[in-house]
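Asker: Below are the chains, spelled out letter by letter.
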Amino acid sequence: MSTATSARPLTAPSSHAPRAGGTPRRSRTRTRLELALLLAPGLVLFVGFVLVPIGVAAFYSLYSWNGFGPLTEFVGLDNYVDAFSGEVFRGAIGHNLIIATLTVVVQLPLSIGLALLLNRRLRGRTFLRMVVFAPYVLSEAVTAVIWLLMLQPGGFVDQVLRGAGLGWAVQQWLADPKIVLYTLFVVITWKYIGFGVILLLAGLQGIPAELREAAALDGASSWQVTRHVVLPLLGPTIRVWIFLAVIGSLQLFDLVWIMTLGGPANASTTMATYLIDHGFKRYEFGFGSAVAVILFIICFTFALLYQRFALRRDTDGALTRAVN
Amino acid sequence: MSRRNGVGYLAAFAVIGITVVPLLFVILGGFRTTAQINRAPAGLPGPWVWDNYLEVLGSAQFWRLLGNSALIAVIATTLAVGFGSMAAFALSRYAFRGREAFYTLFTLGLLFPLGVATLPLYLWLRQLGLLENPLGVAIPEAAFSLPITIVILRPFMNAIPAELEDAALLDGTAKLGFFWRILLPLSRPALATVSVLAFVSSWNFFLLPLLVFNDSTNFTLPLGVAMFQSEHSQDTAKILAFTALSMIPALTFFVLAERRMVGGLTGSVKG
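Line by line, the protein sequences are chains A and B.
Once you know that position 164 of the first sequence is 163 in numbering that gives the first Met the number 0, the rest is easy, because the numbers rise by one and skip nothing.
Once you know that position 60 of the second sequence is 59 in numbering that gives the first Met the number 0, the rest is easy, because the numbers rise by one and skip nothing.
I should point out that these hints are in silico values taken from the structure, not numbers from a laboratory.
One or more of the hints may lead you astray.
What the hints assert, rightly or not - Some but not every residue of chain B turned toward chain A, in silico, with C-beta under 8 Å: (1) A10; (2) A11; (3) F82; (4) F95; (5) A142; (6) L145; (7) K174; (8) N203; (9) L210; (10) P221; (11) T242; (12) V254.
Built from N, CA and C at the ideal position, the CB exists for glycine as well.
Make the full structure from the sequences, and use the hints.
Answerer: Written out as structure tokens, the structure is:
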């Protein structure tokens, strides 16, 4: 997103504002000082706590290390080889991909539908919006605990299903390795659907009403207006949402950690839970760092490819504009 | 048109049901006893029991968790918005070589999941002696909130007319004075948006506090909820009351800030 930005010239008010007093040299020194003063705190914070740790992870990943004492056991790329040859980690990548795919395929139409609905003049629309967004502001921990309790065997969900005559559908929601991932996906959808709706609503509000009215005057049905006018104009927002949703799915951690710890039998392990499990629970800091680097590379590659092929396609994409 | 609205209302009804029922389950469950819940998980309170809520509200633990969360969120938000707005000002209203490179550096941060950095971050914090310290959570949270803060603030500051700045400079105001007295007050809507984002993400954050804090007196609310759930696994009603109460701050904050958030996003992610 940043590269797209740099092409666009920014107005530089300071360059054409004649300065009152002071020689050019002194004012240049002064400007440098001001810049240093303004940029330094943010840079120190950002470099020290975001960039350095990530760089250091790449370094640790070449060692076999338990987190204490000096780094002595250099193992080269063995940690990476180990990670990829382990079935659990490959499974974890698979789980992340399944969640990412489901998210796009299921949540996207749902969010669009909800956003269109909430953009209509319905009675109680404000209240509806509040309701849809509410789960999004709850912490993952609260969400996990709520659903953990509702999904208990013989608990709320089971009872409601039985009461509705759907007793046959009752499952071991979190204990059945075949089902647990999909159960988690439902919880994820409940929690995050509001975010997609917020973004899309913002996008919808950016579409001039005249466009729809013109199409309607030309005899387009409301479905046609939606399909051929609204959705294409929503394209940039949708692409941004897909980007954020996929990155989010690849980094899924909190909900899974609290609800299943990746179980049963690793059926819901994600890359991030695998990373924390090995790094912190088993003190395999070198190996854990390698997993972290892999996770980072996967996210980064996706981001670059997506940027290149999806976001760039419309030169005036939403992200580009957001950045500008 | 009316048929379409009929379908709309039906859909709206379904959405409300699916979203609200779990929340009601928690809130109403807090007014029942565990025995009541076990007998009929989907039932209503009868009779209403206040003990669960009163016990949680009377416990020092709950208030301590709340205080810890608030302290950390305030520090993280202050740092992120303070440093972020300074950097955004430099990156939007100064012309200098390398400006875009700096900006790119910050935007890179949008791609870094905190999860990736946690292992080395943890070691780094250990070295700095920041484990078991609220700053050990607040500072990294602020660092990870910086990119989005700058990405939202820069275009906003950029859009403020250059004439205002020229006028201020001609009047003899220093550039930093312009930033402090004119630009920041004018940027209030965008500042509100980034503050909400930084605050909420800090408030809900789970992984970093989980690693930094071992001593449960330092725990934040999300950690506390998870801990309470595993410690009182036999007492469903009490967990529900505890969870319900811990939802209140986030929901209140959200109700107050909702309009702002959508408004702020409308500005930055226009389609």
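Asker: Hints first: check each against the structure and report whether it holds.
Answerer: Here's how the hints hold up against the structure:
no., hint, in the structure
1, A10, "holds (6 Å)"
2, A11, "holds (6 Å)"
3, F82, "holds (4 Å)"
4, F95, "holds (6 Å)"
5, A142, "holds (4 Å)"
6, L145, "holds (5 Å)"
7, K174, "holds (6 Å)"
8, N203, "holds (4 Å)"
9, L210, "holds (6 Å)"
10, P221, "holds (4 Å)"
11, T242, "holds (5 Å)"
12, V254, "holds (7 Å)"
Checked against the numbered hints above, the structure violates none of them.
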